[in-house]
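Protein chains in written order, with our numbering: chain A, 131 to 223; chain B, 4 to 212; chain C, 32 to 990.
Since the hints were made in silico from the structure, they are not lab data.
All clues given are correct.
One side of the interface only, derived from the structure: several residues of chain B facing chain C at Cβ under 7 angstroms:
#  : residue
1  : Val22
2  : Thr58
3  : Thr124
4  : Thr126
5  : Gly131
6  : Ala147
7  : Lys148
8  : Asp171
9  : Ser191
10 : Phe192
11 : Arg194
12 : Leu199
Chain A is nowhere near these chain C residues, computed Cβ spacing over 12 angstroms in every case:
#  : residue
13 : Lys47
14 : Ala189
15 : Gly495
16 : Pro572
17 : Ala793
18 : Asn828
19 : Tyr939
20 : Asn950
21 : Arg987
The structure presented is a predicted model; accordingly, all values stated were derived computationally and were not measured.
Think of the CB as a built atom: it goes at the ideal place given N, C-alpha and C, for glycine as much as any other residue.
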Amino acid sequence: MIITCPHCGPRDLAEFTYQGDATLSRPEPASTDQEAWNAYVYDRANPAGEHREYWQHAGGCRKFLVVTRNTLTHAISGVEFAPATGSSRRKRS
Amino acid sequence: MAKQRPGFIADPVMRARAVSPLAGHIETGQFGVAVGQSPSVRLGERFGLSIAEVTAWKGRESKCRAAIKATASAALKVAPGSGSVKTAAGAFNIAPMRWLVSGESPELVANLADAVSEDGTVTDLSHGRTVIRVDGEKSRWVLAKLFAVDLSDAAMPRGNGLATAHHDIFAQIQRVGADAFDVYVFRSFARSFWHLLCRSAEEAGYRVD
Amino acid sequence: MTSHRISTGGRIDRDKPVAFTFDGKRYSGFEGDTLASALLASGVRLFGRSFKYHRPRGLLAAGYEEPNALVTVTTDGAREPNIRATELEIHDGLVAESQNRFPSLAYDLMAVNGLAGKVFSAGFYYKTFMGPVIGPLKGTRFWMFCETFIRRAAGLGAAGTTPDPSRYERMNAFCDVLVVGSGPSGLEAARKAAADGKRVILCETAASFGGTANWSGKDGEMFADTVLSGLKSEPNVQLLNRTTVWGYYDGNTLAALERVTDHVGRPRAGKPRHRHWVIRAGHVVIATGALERGFVFPGNDRPGVMLADSAQRFACEYGALPGRRMVVFANNDSAYQAAARLRERGAEIVAIVDVRPTVGDWAQSLAAEAGAETIPAHAVTGTSGGKSLTGVTIRGFDAETGNLSGSKRRIACDTLLVSGGWSPVLHLASQAGAKPVWSDKLHAFLPPESDGAWEAVGSAAGEGIEPPEPVFEIAATGGKAFVDFQHDVTADDVRLAHREGFQSVEHLKRYTTLGMATDQGKTANVPGMAIMAAALGKPIPEVGTTRFRPPFTGASLGALAAERYGDLRPERLTPMHDQHVAAGANMYAAGLWFRPESYNRPGETVEEAYVREARNVRRNVGIVDVSTLGKIDIQGPDAGEFLNRVYTNNFGSLPVNKARYGLMLREDGFALDDGTTWRLSEDRFLMTTTTANAGRVMQHMEFYLECVWPDLRVNLTSVTDQWAGAAVSGPKSRDVLAACVKLTKVDNDTLPFMGIVHGKIAGAPVMICRLSFSGERAYEVYCGAHHGPHVWDALMNAGASHDIQPYGLEALGTLRIEKGHVTGAEIDGRTTARDLHLDWMLSKKKPFIGSAMMDREGLTDPRRWTLVGVISLSGEKLRGGSHIVDGPAEKPGRSLGHITAMCYSPLYGKYIGLALVENGVARIGTRGFATDPARSKTHIPVEFVNHVFYDPKGGRMHG
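Looking at chain A on its own, in the form it has when it is part of the complex (with noise of 0.2 angstroms):
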């Protein structure tokens, strides 16, 4: 799998290391919520089809990226630099 790092360019899967969901949103730090904290820490949707996850590419520029990737395909549709998206702000649709 190549991965095209906005910064590096195109790279192999190996340099990259998976860091999990990027459609979750963290609850507020200070939240008490515990189904909010439940949901951010343990459900995980598991598509079938496109996803957006976290990669980060820790043999080269260590930037933290969102890839959209298909997960019957592994088609990559889209990769971000991770704060650009805003996506742990973003709630869970």
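Position chains B and C against the provided structure of chain A, taking the given hints into account.
Same frame as chain A, but now just chains B and C:
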């Protein structure tokens, strides 16, 4: 002498008290060279350099580039990987808003910290990296055995650099000449990496001075 | 034996004879020969024994598709089995052996298996070796018992057991166009791409470029030579022969194996045996050609039965004539061409037997050229001869119905050339994800429409293939008719599988093992599917084909492991590594790091050494290399706030030049890592992590900075390698520092517990923090890594008069166990701060990572496994990992926890340990057992005690 910010640690390499991780492990001479042929790769350590990582705060990238230019006379472009190399110093972009700067002056890191000031941060890595120069007509062939990056003329103009990895060995590579590359690896991996490089270069024939 | 060597032609060099041995007998061939062609030229017909029935087998093919002629090559004592003789280039001194025979190829005792034919039919293993429902050999245990014997009787070559001395390497390559195959179509594609200025890589699996041009016609050969010399002069073109592209992966990444030196006996120094190419291509041209297939009929595996095109290849490319008197059996015109060429090279073509009722003019004229009798509407129904063909039997045949008619006619011959049609080599296209399409005209699977990343050209795309009459099997009686030669799968096996209910082609494959041998059924799959389709009463495209998977042909494991194997495995060494080795340390691999385990003096065991080292720390002073600790430079105006969120305890309030012990949790509330963090200035901290978790903690923090709190102005840089670290511990540690540290005092006022000072040792700048892992007064001295050896020596010199001794990981572990400090053995991903008695570190004044989840039900249960100390009551040595139980050896009861770390404690004069035990705190003062039934078989009575064995008030480290 540069004025240092409180708590800042610039730790220039003191030649008389410093030991390279490759000390005693670099064998000079020619290897893998058939009779009547000359080696097509040259390998050597650039020991004792001042090395620092500069990271800009958001919006202060151009100020950091200017600070690097002032300190290491390296003119940097905005493009990813952009770099510049002179005899005494050089710099290249390794990540968004981040550069690796190196040079022969012991004051380089402290001067850099002064120049960057509040526009970003500077971390001294003079002791933390080992720099190995790979030069010669077969340098790309040898490096291609270890790194899955395109080092061709078109993909990597002179002065530019990139960050990559050979399995666990993280590496930053700058093209410093027509066929010359400086490879920055973590000091702790230096010996393994040197061994790996020599092994990879044996086929082409290499020389260590 | 008579020579079958043709005096002229081919790509062999008759001026360069090569001597080699096969099954202990000396032979000679020429440079350019394969083992197959050289032996064939020497008159050898018998190359191996078959997988199950040990039937004699000869050459079916001339290239990588060969199913029978597998040999084992021995080089410097290392054995490599299952090499195709058709791909093995001979060189002086080559030693090859045939396989799967006992005691010899000619007299194989196991051939008796052939008499027991029915027993070895499809699914035989599954059915026969299921044991009784009960008893010692119940179910699959019986299979496991029998397997040893079966493996000896049935199988391929045996792998060697000695280490492989060869060198392997990896190569990464980038190109605009990768052309796979250098036949006329591949060469043309490469020429065009090069002319367009593209970066081109051309891979050819054989030794010489040109593909079919090398054996199927003078014009082709000349074309190939012209194009090739043009390509050789192009700077943007890389030509790789002996290179098989075997895998097509995502992102147009392809894997190829280059056999760099297999063809020479003694490679030049530095040359690898194999090179594993990883090629990232903009576009892939699949020019892999097509493979001829045979027919399924009784006795179709007898040595002397050969694919027609392969016979032509042996004769034309290698100058080795497969036989003298040949019969051709075909369903298409291509075999007529082969017949004419073979005639030209000196073979007698007795007859061409064709299943078709009529033969076209072109074929007729070729038959006349070959001087052969043409026998249309007939089929071969059997073969005769023992270990070598002596004749064939033919009968009238109706291609429409498959019915045989008329009387048998026997034709004497030593070679039967078969041509049952052609299958385009579409493996790579299939690997790329494309589903093959059946052609009713060519009676073969073709590559489908491409997604644009690749294209198939030439016969790989079905171009120029002679359409055959769709006949795959001649259903005659009189012996086994093989579909898959290498796995000994017969037509009856396929039908049996169908009768037993296997409908899907994927199930058929696995049940009969058709196409699952090392040749992956290259010549067998299509006939197999045709027979299955006939049994099902469905057309072939409805039955479909199995998906092709990498590797196309075998790739050596050595090449895949290449740069990770043996002495090329990376090692991380601390700056003081050489000093440890010089001091007699035995080095211990801790992850990638190498650390001193103990510094054994002559005659000392490891235990004696670490006990001495630990005792010396308690009495005098010791020094240990802590350079491996993870170190992270944390800078920025929000650094304090960031650490407040990352650590469970407060760091924003930490004064400059002070350090604090910190604990991190994961988001789910479990402990992640611990370490000390030093505040160097208002906006700068130096964090230390455990050695093992350095990378993980860095990633953890980078994630929060980038993805969760991008508004925080904090930069992180790993400085693990920038600093050499030495911990100086023991009551005399301050004296040692006082004797060598300049520019600062080190007394208790200047450098109190958790204080930081900057100074110099022997001229090198140092940063010293007063920390203790051992429980003694102790200091961590950090300096620039290049200065590490210098500073270490200075500390050793300064400590000489105080009896300083270096200590290793074992003593370090002993001291921390006595002190009850936790490490990764206790922070194992399943423990909470409370489990480890670190709840005093959980701030109630601020949220931090994990704070919301750490008080969940289940994480606060008092019955959880908690940290306790254990003492061996019997004097026996405890074992790490032993389970804690409360019953005696005969009836231990369930596990209540386990020992995480153990040592011989010089303080107690006993074996002690730390353990995570259910309801642990409540058990303190009671007894139980540490049981280790699987390894040491010990069952040791222990007493549970508080986890801090030593100086619980901390007077010694604070003083």
